[in-house]
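Undergrad: Residue strings, one per chain:
Protein chains: 2
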Amino acid sequence: MSSYNNNSVRLNAATKVAVFGGTHGNEMSGVTLVNLWMKNSNEIQRKGVETKPFITNPKAVEKCTRYVDTDLNRAFTAENLSAPGGESLPYEVWRAQEINNMFGPKGSPEAYDVIFDLHNTTSNMGCTLILESSKDHFNLQMMNYIKKALAPASCLVLLNEHPLLKYSTSRSVAKHPVGLEVGPQPQGVLRSNIFDSMRVIIKHALDFIELFNEDVEFPPCTVEVFRVLERVDYPRDANGNIIAMVHPNLQDCDWEPLNPGDPMFQTFDGKTIHYQGPGTVYPTFINEAAYYEKQQAFVTTKRETLVASAVKKS
Amino acid sequence: MSSYNNNSVRLNAATKVAVFGGTHGNEMSGVTLVNLWMKNSNEIQRKGVETKPFITNPKAVEKCTRYVDTDLNRAFTAENLSAPGGESLPYEVWRAQEINNMFGPKGSPEAYDVIFDLHNTTSNMGCTLILESSKDHFNLQMMNYIKKALAPASCLVLLNEHPLLKYSTSRSVAKHPVGLEVGPQPQGVLRSNIFDSMRVIIKHALDFIELFNEDVEFPPCTVEVFRVLERVDYPRDANGNIIAMVHPNLQDCDWEPLNPGDPMFQTFDGKTIHYQGPGTVYPTFINEAAYYEKQQAFVTTKRETLVASAVKKS
Ligand SMILES: [Zn+2]
Ligand SMILES: [Zn+2]
Numbered sequence: 001m002s003s004y005n006n007n008s009v010r011l012n013a014a015t016k017v018a019v020f021g022g023t024h025g026n027e028m029s030g031v032t033l034v035n036l037w038m039k040n041s042n043e044i045q046r047k048g049v050e051t052k053p054f055i056t057n058p059k060a061v062e063k064c065t066r067y068v069d070t071d072l073n074r075a076f077t078a079e080n081l082s083a084p085g086g087e088s089l090p091y092e093v094w095r096a097q098e099i100n101n102m103f104g105p106k107g108s109p110e111a112y113d114v115i116f117d118l119h120n121t122t123s124n125m126g127c128t129l130i131l132e133s134s135k136d137h138f139n140l141q142m143m144n145y146i147k148k149a150l151a152p153a154s155c156l157v158l159l160n161e162h163p164l165l166k167y168s169t170s171r172s173v174a175k176h177p178v179g180l181e182v183g184p185q186p187q188g189v190l191r192s193n194i195f196d197s198m199r200v201i202i203k204h205a206l207d208f209i210e211l212f213n214e215d216v217e218f219p220p221c222t223v224e225v226f227r228v229l230e231r232v233d234y235p236r237d238a239n240g241n242i243i244a245m246v247h248p249n250l251q252d253c254d255w256e257p258l259n260p261g262d263p264m265f266q267t268f269d270g271k272t273i274h275y276q277g278p279g280t281v282y283p284t285f286i287n288e289a290a291y292y293e294k295q296q297a298f299v300t301t302k303r304e305t306l307v308a309s310a311v312k313k314s
Numbered sequence: 001m002s003s004y005n006n007n008s009v010r011l012n013a014a015t016k017v018a019v020f021g022g023t024h025g026n027e028m029s030g031v032t033l034v035n036l037w038m039k040n041s042n043e044i045q046r047k048g049v050e051t052k053p054f055i056t057n058p059k060a061v062e063k064c065t066r067y068v069d070t071d072l073n074r075a076f077t078a079e080n081l082s083a084p085g086g087e088s089l090p091y092e093v094w095r096a097q098e099i100n101n102m103f104g105p106k107g108s109p110e111a112y113d114v115i116f117d118l119h120n121t122t123s124n125m126g127c128t129l130i131l132e133s134s135k136d137h138f139n140l141q142m143m144n145y146i147k148k149a150l151a152p153a154s155c156l157v158l159l160n161e162h163p164l165l166k167y168s169t170s171r172s173v174a175k176h177p178v179g180l181e182v183g184p185q186p187q188g189v190l191r192s193n194i195f196d197s198m199r200v201i202i203k204h205a206l207d208f209i210e211l212f213n214e215d216v217e218f219p220p221c222t223v224e225v226f227r228v229l230e231r232v233d234y235p236r237d238a239n240g241n242i243i244a245m246v247h248p249n250l251q252d253c254d255w256e257p258l259n260p261g262d263p264m265f266q267t268f269d270g271k272t273i274h275y276q277g278p279g280t281v282y283p284t285f286i287n288e289a290a291y292y293e294k295q296q297a298f299v300t301t302k303r304e305t306l307v308a309s310a311v312k313k314s
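Those sequence lines, one after another, are chains W and L. Okay, so the first sequence: first residue is 1 according to full-length UniProt numbering, each after it adds one. Okay, so the second sequence: first residue is 1 according to full-length UniProt numbering, each after it adds one.
Hints were generated in silico from the structure; no laboratory data involved. One or more hints might be untrue.
As the list claims (entries may be wrong) - According to the in silico footprint, chain L covers these stretches of chain W (three or more CB under 8 Å from chain L): (1) 175-189; (2) 192-200; (3) 244-253.
These numbers were taken from a predicted model, which means no experiment stands behind them. By construction, the Cβ of each residue, glycine as well, lies at the ideal position given by its N, Cα and C atoms.
Please construct the entire structure, taking both the sequences and the accompanying hints into account.
TA: Now the structure itself:
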């Protein structure tokens, strides 16, 4: 018996697990992996768990576009999920209801235990796990397990529990939502290095779930995360047109420190705009294609160390 | 007087010049540059030339998509340009007619002298000038001038006069069509390094035209080009689904030699597919996002040295 038993967080076995691809239909590593696993899911099955591979936005996948009517990965609000109208709703709102019926209902005891949602980014973010809560000890233990399994390769954790910037994701239907964001990969392109990285992370994540279900106790640990602070937009003119690009010193430098006075943008007439914040931040999602329409050049984060309690199956 | 006079190709001054952006609406360096120049064209004006910046596919630019109905950069066929139907035609066919009326008619003495068409690619092609004819001595001299002006930075020349793979481009309306393809840049993303490279190439190209119009004679020269040989598709199953990715040894290695036996694709179950051709080729447009739908993983080319005659204004 472990010495952590008394303080362990006791949780039910994670028996219902899903892997989502195509929440954004042009993010090809996730789309391709899930399509593969829908043909043959051996690779993602583990003892005592049923892992369901699922294409969340098949219409967007077919068109190789991010979405058809509206961003599915912002659509899982209480309002949307209870909206009347059925198929006359915007496609992704209707689809969110359908997904909520299959994998939720969100917030209910019947909801799936874990949903992995596979995303790609044009940013140079490498392998990134995205968490929505600093209090989810199961997920924190899983992040710790994955990071150790991948070392010396790196896998960072982005924590988005910002009251305004947090959004209603597809994976939020699950009790333990896990976003996986791997880049850089252009939209509509499948790169073997990104595809392979994503595949190995899901392998380790499922291994963790299997061990947990087999009564392995995971002792307390710490997990370094990057907590979302704020969104930074491109500089714009009075008409809302972008007048500058991400500065070459910042481009591709996701997760590296940005200090007050560092170059941040380069205007089209060659002037440098410097970062003016009060202290060092760690930018990420730098120059992500899909975030131009969301008026976001990057997000800033701060480094934080979270403590995860021991977890064990109850 | 130059000693080349007797063998010089004599050509009219190039007084009508256009710079096209947005032929593909999600290729952001060209779109952004042309939009800038439409507000203030000082930078692209030269003595004795009127340079017209022009967005060729504004609907696609607005939607940040490659095209609306059909690829504009394949639409300038004789059949399309003479098709009846007006605005009831597919958008890009109608638009091709409009562009042909403004900058052509294609093949006529009234056509623009030079059209530069600005493109970006997700492939690691660097700066690439695209020629449609090995016999266009004016363009070959321009390529030579640009390459020398940029050295030691490199700028390669892709020659596409393949009887089957050559297509009917927007720029083909001009007497001297010049494609400019700069990458890697994801669709929908503006990268400062790509933007800056494109801008400086256009600067040198317009300087060449100004010098030519000022009666400078350009002596005979040689130009190294990469001639398009054939299109290579992704490996597919019986249903046409892609079953392999560009091999990591080939990914991002545009313009590098691919020898018989070299790894070319990696299947989703981890097998390597090797190049089986008869000799060394130089692949390019490797893993370009827009070419999945054209069933092209890359094109092979061979290196060739073309001889350009001296050129002088008549
Ligand atoms: Zn995504
Ligand atoms: Zn293009």
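Undergrad: Hints first: check each against the structure and report whether it holds.
TA: Results of checking the hints against the structure:
no. : hint    : in the structure
1   : 175-189 : holds (count 5)
2   : 192-200 : holds (count 3)
3   : 244-253 : holds (count 5)
Every hint from the earlier list agrees with this structure, and none is contradicted.
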